[in-house]
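Going down the list, the sequences are from chains A and B. Okay, so the first sequence: first residue is 12 according to our numbering, each after it adds one. Okay, so the second sequence: first residue is 12 according to our numbering, each after it adds one.
Because identical chains share one entry, a pair is satisfied inside a single copy or across any pair of copies.
Straight line, CA to CA, 16 Å or less: simulated EDC-like cross-link-like pairs of lysine to aspartate or glutamate:
no. : residue 1 : residue 2
1   : K227      : D200
2   : K56       : E88
3   : K176      : D131
4   : K176      : D130
5   : K297      : E269
6   : K197      : D226
Source of the hints: derived by calculation from the structure; they are not laboratory data.
Take a look at the letters that make up each chain.
There are 2 protein chains.
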Amino acid sequence: MNSRRDFLKYSGLAAGSLITASAFSGCDASGQCKVSNRVGKGKMKLRFKPYDLQLKHVFTIASNSRTSTPVMLVEIEYDGVIGYGEASMPPYLGESHKTAADFLSKINLEQFANPFLLDDILTYVDELVAGNYAAKASVDIALHDLAGKLTGQPWYKLWGLNAAKAPHTSFTIGIDTPEVVRRKVKEADPYNILKVKLGGGNDKEMIQTIRSVTDKPLCVDVNQGWKDKYQALDMIHWLKEKGIVFVEQPMSKKGLDEMAWLTENSPLPTIADEAIQTVKDVLPLKGIYSGINIKLMKCGGMRAAHKMITLARSMNMKVMIGCMTATSCAISAASQLSPLVDWADLDGNLLISNDCFEGVQIVNGKVILNDKPGIGVNKLSLA
Amino acid sequence: MNSRRDFLKYSGLAAGSLITASAFSGCDASGQCKVSNRVGKGKMKLRFKPYDLQLKHVFTIASNSRTSTPVMLVEIEYDGVIGYGEASMPPYLGESHKTAADFLSKINLEQFANPFLLDDILTYVDELVAGNYAAKASVDIALHDLAGKLTGQPWYKLWGLNAAKAPHTSFTIGIDTPEVVRRKVKEADPYNILKVKLGGGNDKEMIQTIRSVTDKPLCVDVNQGWKDKYQALDMIHWLKEKGIVFVEQPMSKKGLDEMAWLTENSPLPTIADEAIQTVKDVLPLKGIYSGINIKLMKCGGMRAAHKMITLARSMNMKVMIGCMTATSCAISAASQLSPLVDWADLDGNLLISNDCFEGVQIVNGKVILNDKPGIGVNKLSLA
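The whole structure should be built from the sequences, with the hints applied where relevant.
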């Protein structure tokens, strides 16, 4: 783990971009760094720290492989209560420790009277700079955790949701050799639905290998890997015979006409992933996909995700909630919304060996929300 | 006031339609009536009682006049905490003490573990019977009040809103003689925006009369009163010259093509009122109106209204929150959402002489939210 080194590297850059740069003198030996706030009763303090998640297995999807994921751990403190947040930044999405530190350094929470002003604060954060959705999500999550703790309630209760309706989560099987795939399916024994990465050129082999060892329901994620709509439809018909329940991002996010045709003809629901980012992208997908995969790191956090679900439901679209590789912090935040969705893919914390939070549990494959306030996590001493 | 008589009349009918009719034996001397619940720790108890609101002035819109409005006062009690709700039922919307009592008698809250299961409970209430939106709103409001009280927070805070952004409310001037209109404008002195009812055949006289005594911003509500789109556009141009800020429901709710043409050509925003009921009606209005007027009694309550605002904003539509004649109970509930809207028309409690709640205040024309939990009301002994 090199988070201390990264912290030093990026904290310097961050301080350079700050108006209230002197606040950085508060960085302490643990690598925590106070930003943009005088210490004072009733003022929010934002701190952040880089961290690298170690993956248990090399992770391969249609476009790349990797062994670690950089995240930024965020804290917002108010009157002695700390809210936790996290930005998970797989490299292909364009964010990094540096971009997150730059962005977070620009945020001045001191101008807001209290953490309950979620709408004002998150609108300000959203409008501060374009992009930086993972970094924005880290602030959104920390603020929700903080406000939830101040009310003493978990967010699923504040949203009026029934924890018993939290879904089973899928467990992801990456593109690999039959031997590795069979081993991973065995490791996935506690999970009742598996998510299979396709689009790597060996799609039928992947499915046949998995079907040789389990008859569990499967969903597939093609990550834009299929190039021709007719071949895609043929494959979907074949997949339906094999007990697949939906197909995520079968073709390029850019081919809207082809996707609309595929969705109209597909015997399985089609779910947009790369094709959707945030709130403004939901309504234009009507008729193009059957549903959307919402991820906090793409949309900017819990507030945006909640709105996206309202929009998708108003169009009778399916909703899936997904994740990046992340600690139990971001996964527990996403889980607060999970009673609202059809399918969950919230295994990002199960894929890492150095989770520095404990929160939502997966028991017999089902998301189990706890009664803790906010996003329902405890920070471990690891980070 | 004849609420005791009405209560006796309708409680009998309600009991007749009840499966758990024996619960009605709990009706007490004050006219409160326990419905569909055994008394027990951790069970919700629903009670309701008819009440008639006395209007300070005869109220005339394009279609009718009246001097009182029937409402149903609702309480949901859970572990000694009471949430208050209200159904306001102006006769032209088709609900009455009888229909509300029939509907409320069908509700069994005993099956739900606690009031935080808002989504489950309100989905159940919504699906129980078609229509009955005011009666549904009364349950929604009481449940929000109860859940908010159990968290110790007002709903505007649970929704992350800034009370300082609550809008000014308009004050409504009905169709009347110049003399009466001038007197009403003087009574409306504390209000900074007036809502003028048009469509009664004397539109220019109404506006000229008001302009002879005040230069305050005005909005107009035509209640579908204009029949021809060209004349409507001419009138809107004339109104713009007179300082009108928007035009509510200028023509029939049925003429979508005409409305789309009018909205496209109108120099003032057009706001749907009769043309919109609840969540499912928002998306189809894209391009037809510039905005929507949301009323709890039409859409079924606070949960639906909050969703409608999310939908309207995602289409860049304007949002107005309106009301029926109601006590401070329903008005305070609607006010919780008001920091999210462009315009508020929340004067329904100011038009009656027998308000049995105190809650949101109007100070110098502005909606002032208080810090009380839930919907922020106290019940007075009047009812």
